[in-house]
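Asker: Spelled out, the chains give:
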Amino acid sequence: MCKFSIIIPVYNTEKYLRECLDSVKSQTFPDFEVLLIDDGSTDLSGKICDDYAKNDERFIVYHKVNGGVSEARNFALDKIRGEYVKFVDGDDLLDKDCLQELAEYIKQYQWDVIEHSWYTFFDDGKREFENWFEADYTVKKGENKSYLYRLLFDSYRMGSMCKKAVKADFFNGTKAKIRFDKEMVFAEDQMVAVEIFDKCESVKFINKPYYGYRKGLQSATGKFNIKKKDNIKMLLKYLDSLWEKIYHDKDAINSYNARKLDNIVSDIGYLPAYKNVGKKEKKEYISSYVNDDYFYKVLNENIRNLSKKKALLKYLLKKKAVNAVYMLLCVQNKLK
Amino acid sequence: MKIIAMNLPQFHVIPENNEWWGEGFTEWTKIKNPNKYCGHIKPQNNNYYNYLDKGTMQWQAELCKKYGIYGMSYYHYYFQGKLLLEKPVENLLKWKDIDQKFCFTWANHTWFRSWQGKKDVLIEQTYGEEKDWEKHFSYLEKFFLDERYIKIDNKPLFMLFNVNVPCIDDMISLFDKKCKEIGFDGIYFVQSISVKEQLVQASDKADALMIREPSFSLQRYVLDKYKNPFFHLNEKLKSELNKMLHLKTLIKQYEGDDLMEFCINDMHNHPTDKKYFRGAFSMWDNTYRHEWRGYKISRPSKSVFEKYLRALKEDCKERGTEYVFFNAWNEWAEGMILEPEEGFGDYFLDCIRKVLREGE
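Chain order of the listed sequences is E and X. Just so you know, the numbering used here puts 70 at position 70 of the first sequence, and the rest follows in order with no gaps. Just so you know, the numbering used here puts 40 at position 40 of the second sequence, and the rest follows in order with no gaps.
Worth flagging that the hints you see were computed from the coordinates, not collected in a lab. Every residue, glycine too, gets a C-beta built ideally from N, C-alpha and C. Check before you lean on any hint, since a few could be wrong.
To be verified - Below, a sample of chain E positions facing chain X; criterion: calculated Cβ distance under 7 Å:
#, residue
1, 101
2, 104
3, 137
4, 141
5, 144
6, 147
7, 251
To be verified - The list that follows gives simulated cross-link-like pairs (lysine to aspartate or glutamate, EDC-like), each with its CA atoms no further than 20 Å apart:
#, chain 1, residue 1, chain 2, residue 2
8, E, 250, X, 350
9, X, 177, X, 129
10, E, 250, X, 306
11, X, 42, X, 291
12, X, 180, X, 240
13, E, 245, X, 129
14, X, 354, E, 154
15, E, 250, X, 261
16, X, 302, E, 201
17, E, 208, X, 129
18, X, 32, E, 143
19, X, 142, X, 169
20, X, 302, E, 154
21, X, 302, X, 342
22, E, 141, X, 342
23, E, 308, X, 358
24, E, 145, X, 342
25, X, 180, X, 169
26, X, 30, E, 143
27, X, 42, E, 83
28, X, 307, E, 249
29, X, 66, E, 201
30, X, 36, E, 143
31, E, 199, X, 342
32, X, 354, E, 251
33, E, 250, X, 258
34, X, 302, E, 251
35, X, 42, E, 201
36, X, 307, E, 143
37, E, 250, X, 169
38, E, 145, X, 258
39, X, 307, E, 154
40, X, 275, X, 204
Required output: the full structure, derived from the provided sequences and hints.
Answerer: Encoded structure:
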């Protein structure tokens, strides 16, 4: 038994893996295990994992046949021995004091979930800070969760599993046996995050940026896949089922619709950048959004306080002007 | 825009409150024992703080800094020589390492207790004469001289809650003179106005008025709504029925969003020609204290509250006034708070920080 189980799915990240594993190895808090799941890497990643496991008994390697990141994570979840689970991606970084500070909060109160903040950085080390949740927000067992649900609905930033420490009870069957959906190509971590927040009884938010996302990489989300739209719909419908639980005020519906629009706009916003698919297919993808009843309904809602850019996109989408939408996205992509 | 938050020191035990309201009474007593009429706001993390702890004041000073609250206006209770609830701010004077800007609002009103239909006077607010005011000033002096005490134009800011003071002109003159004697350019005397009828009672010697919220705008809001005869009738009916039935559903309830939208649109109207500072509010629920006789203003949505703050910021800029007095930092038993709450976190403070940062 140890305090933390760190799950790191690894697939062909030889370039950044050592930096990532070093950041975990050099945690000031020592009581953790690392489950390195080598998901059938074809580069030196597997060997790097073996090196770390050889020199540090806290690092345990499993070499698997390639099955995707969800399967890798699920595989690890069957084997964890820690009290709390944390996920790290094989090309990212964890602040060296992260576990120490989380452990201190846990000593004061057995939080079900601790949600912390993150930053993004480039290969040259330069950082972009994103200290999003500045609030000292907590929910303790027995306290009203409705506002927590609002935070979950209003933004998808709480969807990442890398910015959390979650009690193992939610994975080992004590409180729940949550697993990642292998069939999803997108938002499978968000689905898990929503389930965790729905089932948890206590949460602590802290504003320290402990987790570093490496920028400028082609990741799993960076490949075009027509199933993305359906996965987004799955996530939103899951949230729909929890609608009654949120704190309702005049803003609630508008906030939620704005978030749904964000999901759509963000997804199609990637289209110009995809290199493995042609213009015709990209436009068909946009069409599939506007011809989908669920999303079309969102586009027809009156959403207040939209930026001019978003309002224009929404208008064009509503009018099903696919060519115009695609052109606009290309222009926006060039300006990025 | 510099926000000064009204601060109630009633979070420690004093012998008078023990005697008048029961052993161990503080503002938390009502919150911990809610009646069937009131809401259920609670401090985050079960932080039922004790104001005599240095940690409490340190924590509040840090919150002010974190969210951009300029300072606190502590309620000062002074009854012709007798002080009540004075320890926290006397401690603050000693604890010079606590970086908290502050000033006083003299809560000059008699304390009553309603009991079995009768009203008992617990302690009466009297003012005495010039020698009493001199004694009062000599108590206040050391606070005025503290570096952290808020000054406007080199004059210590002193606010008076109740505008109905017969000797006010002379009192202000004396305080002004005394301030000059200790190196200031006088006193910056502000009188707080709760409802429009009080405007005429304000002294000409006051440097400015403070339009206390939500009472001032609520009065205007209700009058505006009363133009609708159905509304007026409905309110009257509920009110009369409730005198007999004492039901939660018949309590006067106002929608926070609607009231704040009203305030935003009303802001271009000037309540007075004299110099004035605007007050602001978050929400209200005095059914903790007054049960079925109280009224409530519901929690505004964040977007409307932010809009309200922006309007206040704009108003400050337009009129060239810097300060807004927020009612209140910690009046838990009247539902007027900025402090972090259970379930909602730093709901109001978060909005304040966001709006203050805009345009930077």
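Asker: Find the hints from earlier in the document that the structure breaks and name them by number, from lowest to highest.
Answerer: 1, 2, 4, 12, 13, 16, 17, 19, 27, 29, 36, 37 and 38
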